[in-house]
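Start from the sequences and build out the full structure, keeping to the hints where you can.
Residue-level listing of the chains:
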Amino acid sequence: MTPPTAPVAPPPETSDSPTVRALREVGRSVPRLEGTAKVDGSVEYIYNLRLPGMLHGKIHRSSIAHGRIVRIDTSAALAVEGVHAVVTAGDVATLVANPYYGPAFHDQPILAIDKVRHVGEPVAVALATDPHVAEEAANLIEVEYEPLAAVFDEVAAARPDAPVVHDVLKPAGTFTDLKYLGGRSGTNVALDARVRRGDVARGFAEADQVFEHTFRTGKVIHATFEPIVSLAEVTAPNGLTIHTASQSPSFVRTEISRLLGWPENRVRVRTAFLGGGFGAKLYIKLEALVAVCALLVRKPVRIALTMDEQFYTITKHGATVRIKTGVKNDGRIIAREVETYWNGGAYADIGPRVSQKSGFTSAGPYDIEHVALDNYAVYTNEPPAGALRGFGISQLVWAYERQMDIIAHALTIDPLELRRRNVLRAGRPHATGTIIGGMEIDAVLDSLAKRMEWHRPFDRGTGTIRRGRGLAIGLKAAISPTTSTAIVHVYGDGSCAVHCGTVDMGQASDTALAQIAAEVLGIATESVRVVHPDTDLTPYDMATLGSRSTYHMGNAIRLAADDARTQLLRIAGTAFGTEIVELDCRDGAIVSRAGARMTFREAMLARFAMQAGTVVGVGAFTPSYQKPDPQTGQSPDITPFWMIGGAGAEISVDCETGRIEVTKLVNAADVGTAINPASVERQLTGAAVMQLGFTLFEAMNFSDGQVLNASLADYKIPGLLDLPRDLTAAVVEVPHEHGPFGAKGVGETGVFSPSPAIANALYDAVGVIVTDLPLTPERVLRAIRTMENRPLGTDA
Amino acid sequence: MSDPRLRTITFTLNGRPARATVASHETVVEVLQRDFGLFGARESCGQGLCGCCTVIVDGTAVSGCLYLAAFIDGTTLVTIEGLSDRGTLHPIQQAFLAKTGFQCGFCTPGFILMTKELLERHPHPTDEQIRHYLSGNLCRCAAYPDIVESVKMAAESLAKR
Chain A
-9 MTPPTAPVAP
1 PPETSDSPTV
11 RALREVGRSV
21 PRLEGTAKVD
31 GSVEYIYNLR
41 LPGMLHGKIH
51 RSSIAHGRIV
61 RIDTSAALAV
71 EGVHAVVTAG
81 DVATLVANPY
91 YGPAFHDQPI
101 LAIDKVRHVG
111 EPVAVALATD
121 PHVAEEAANL
131 IEVEYEPLAA
141 VFDEVAAARP
151 DAPVVHDVLK
161 PAGTFTDLKY
171 LGGRSGTNVA
181 LDARVRRGDV
191 ARGFAEADQV
201 FEHTFRTGKV
211 IHATFEPIVS
221 LAEVTAPNGL
231 TIHTASQSPS
241 FVRTEISRLL
251 GWPENRVRVR
261 TAFLGGGFGA
271 KLYIKLEALV
281 AVCALLVRKP
291 VRIALTMDEQ
301 FYTITKHGAT
311 VRIKTGVKND
321 GRIIAREVET
331 YWNGGAYADI
341 GPRVSQKSGF
351 TSAGPYDIEH
361 VALDNYAVYT
371 NEPPAGALRG
381 FGISQLVWAY
391 ERQMDIIAHA
401 LTIDPLELRR
411 RNVLRAGRPH
421 ATGTIIGGME
431 IDAVLDSLAK
441 RMEWHRPFDR
451 GTGTIRRGRG
461 LAIGLKAAIS
471 PTTSTAIVHV
481 YGDGSCAVHC
491 GTVDMGQASD
501 TALAQIAAEV
511 LGIATESVRV
521 VHPDTDLTPY
531 DMATLGSRST
541 YHMGNAIRLA
551 ADDARTQLLR
561 IAGTAFGTEI
571 VELDCRDGAI
581 VSRAGARMTF
591 REAMLARFAM
601 QAGTVVGVGA
611 FTPSYQKPDP
621 QTGQSPDITP
631 FWMIGGAGAE
641 ISVDCETGRI
651 EVTKLVNAAD
661 VGTAINPASV
671 ERQLTGAAVM
681 QLGFTLFEAM
691 NFSDGQVLNA
701 SLADYKIPGL
711 LDLPRDLTAA
721 VVEVPHEHGP
731 FGAKGVGETG
741 VFSPSPAIAN
751 ALYDAVGVIV
761 TDLPLTPERV
771 LRAIRTMENR
781 PLGTDA
Chain B
6 MSDPRLRTIT
16 FTLNGRPARA
26 TVASHETVVE
36 VLQRDFGLFG
46 ARESCGQGLC
56 GCCTVIVDGT
66 AVSGCLYLAA
76 FIDGTTLVTI
86 EGLSDRGTLH
96 PIQQAFLAKT
106 GFQCGFCTPG
116 FILMTKELLE
126 RHPHPTDEQI
136 RHYLSGNLCR
146 CAAYPDIVES
156 VKMAAESLAK
166 R
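Top to bottom, those sequences are chains A and B. Here the first sequence stands for residues -9 to 786, numbered as in our numbering. Here the second sequence stands for residues 6 to 166, numbered as in our numbering.
There could be a bad hint or two in this list.
These stretches of chain B come out as covered by chain A in the derived footprint (C-beta under 8 Å, 3 or more residues) [claimed, not checked]:
{"no.": "1", "region": "54 to 66"}
{"no.": "2", "region": "86 to 98"}
{"no.": "3", "region": "108 to 117"}
Hints are computed from structural coordinates only; laboratory data are not their basis. Just so it is clear, CB atoms sit at the ideal spot from N, CA and C, and this is done for glycine as well.
The following block contains the structure:
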């Protein structure tokens, strides 16, 4: 059952409200504030920006997966008419003493130094006024390599005899728990993170049955439609402005400042609306390169990636998950051991964080007495892997929820019932020791069961077309510790602006965050302007990632708006001669119980004696957190909130071709309070369709580290024809105690469970166990034919 | 023109006469962005597969990232910027706004222009016709259900006119 939708608002912290009023702005499906600009084509993206005197940069990339750079010959490139400059690592070194960047490890060079570590690694950049000239010149750069042995598989790369991608590990130091890795050599394991609870050996000994499987997911990509694009310009007297399609402008400023050895106040980073992000536009992508180029040539420089270059820039981790589970015959899971190898590619990016922060949830949303979880972030010679919507969660849910149905079948227990017997409930400890609260797995399961009509008999078909149904449920812990800060301005005319670092990349954060400010200030959402991230104007925010903005920035804005509100009440209180507990903000005015009313404009006039001035409200929000013990992964406070995402699927499968058609897909999520219900549903469904692509057909195919399908012609993403005819989202609202008006994040929740739900439906239909994604017709047909004892041959 | 690689073309752009000097390899999207400051047609996949670059040439939706600018000489070109009338959104745009047939918005002009072609040829489209016409436009945010609702609403409101 979905709980009722109108949660009680927690009173603002300086609770001045004379009465608890019903929510007006929160919980309303406010249309997107920027909607008109999106349908008339005028919306601002960094992609659109052209600067006077600007040069276009085109990148020359490595053609091999691993090798020493013997020689770079730029003479032919420089001879092209119209080429302004060609930049290599030697030029970068004149500006930046230690030109390695990265959020977790300082391992990624701005341009390759001495070695290349993956196909497509940037080696040099050609600059010209005409992008075609720059491209021609980039193609004429000649690089001679001495090839080195390369390694691509994450499990092979973790072995002691594997070719080594980085001679020495270089943790960034920003994460203190990675410091112990500093100086480690002769290994590709960039992080090993563990969780230990109970005694897993004893658990397996006490189990009635033990199941062990290995599941794999390959590399896929974000394919954001707005390219990864950055521009840099030198600004007088001693500054640098970077315009970038980035999800993390605050991080970009910090990292560019560190590279240049400048104070942060000389680097300005700004962004606009993003044409999609999904994790591709985090940390440093092109920003360091355009910054260095602009400083070298003293002209604005723009670099925009083509779609094929995106395949060589950032990907989602492939993973190998070995999962061993001990159960009692009554279905209770008593022991689980999970060992996960994460294919991080050649540079760590945020991979070690994916491995650890998602890895600690790899036992699933279940209450298990004995748990041992090991996660290995592994360097390979593939393109780097980082964050992609879900931050590693969907790789893990694929394993534990696929195995769950195998267990259910073996024990002859209904898959829904098996889950009900094991899910974590409020007050019980998660595998990390953190006591569960602020989530209702049962409510999500109930919602799925209802929408799937699970209690009804299901027709599995006969002949060559078979039907099946399946469900799955996963959990994620919001990343911690992180901080958001916001400023709310009330201007002389009474209008209001929110200054914050959250990036609207399509998820409707501008609208949702405006709703929160509007709710506190008693004004209409449509009248609030959200100022886009500009590090000269907007305060620090960790980044727009991991479904954290609604909760973290939402809370910061709630506090900032409440600060501004309190100041407005004081102004009116002085004018009315009343205590502020007698006052409230409503419909753009301060009102008293006695009936006095003063508009914001009048309040500003009262305070500043003219239509001028600014009331500034400030709010900062950092949830509590306790670092896990490095040996056991135990922490009493590992996350500010848990996300729960379930999916139910009905499919038909053609046993002669192996083709799956998903006929129904339900996505249910515990979202706390839906600030904007329509946006929440759109995010859930959008995420589920993205995951549908990763489930049925999306896969990067490699040969010796070369991507064989680096284009949308060869790498198919979901289109209208791929949509299940019956596609719905079920929004389960369980207000979170500490969320702004009870809200939690939701941007990723829809990706957690569609893959195992669909594969469980396939299992239900024909009984085949497929362990690897995607579920291509060939893979499914091979599995069916193998099960029937008439396996298909391999290609000659 | 003295440079043999360049040629001057004239065409009608969103109802007004336009003129540009283009190189033979330059595409419609490049010229719209560089010479006219129009960014509603966007290059994304670069292969005419995603539909972000859609423009309408003589009444037919084409991929502006592949269509050479030289070929628009003498044609009538409509971009998303030409759809609204003095600040009043076209009914298709109004429908996409009302139904929120978008998320990040990058693919939206392409969907709207392809919908225009669809509704000109099939004023009362079936679900199959909608799926067929819009299967060549991709939306990575997957706002598809809302896009389909937008198209249906646009068809209804255009039929009433």
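We went through each hint and held it up to the structure:
1. Counting residues of the region 54 to 66 of chain B whose CB lies closer than 8 Å to any CB of chain A gives 3, so the stated coverage by that chain holds, three being the minimum.
2. Residues of the region 86 to 98 of chain B lying with their CB closer than 8 Å to a CB of chain A number 5, which satisfies the three-residue condition for coverage.
3. Residues of the region 108 to 117 of chain B lying with their CB closer than 8 Å to a CB of chain A number 8, which satisfies the three-residue condition for coverage.
Consistency with the previously given hints is maintained throughout, with no hint failing.
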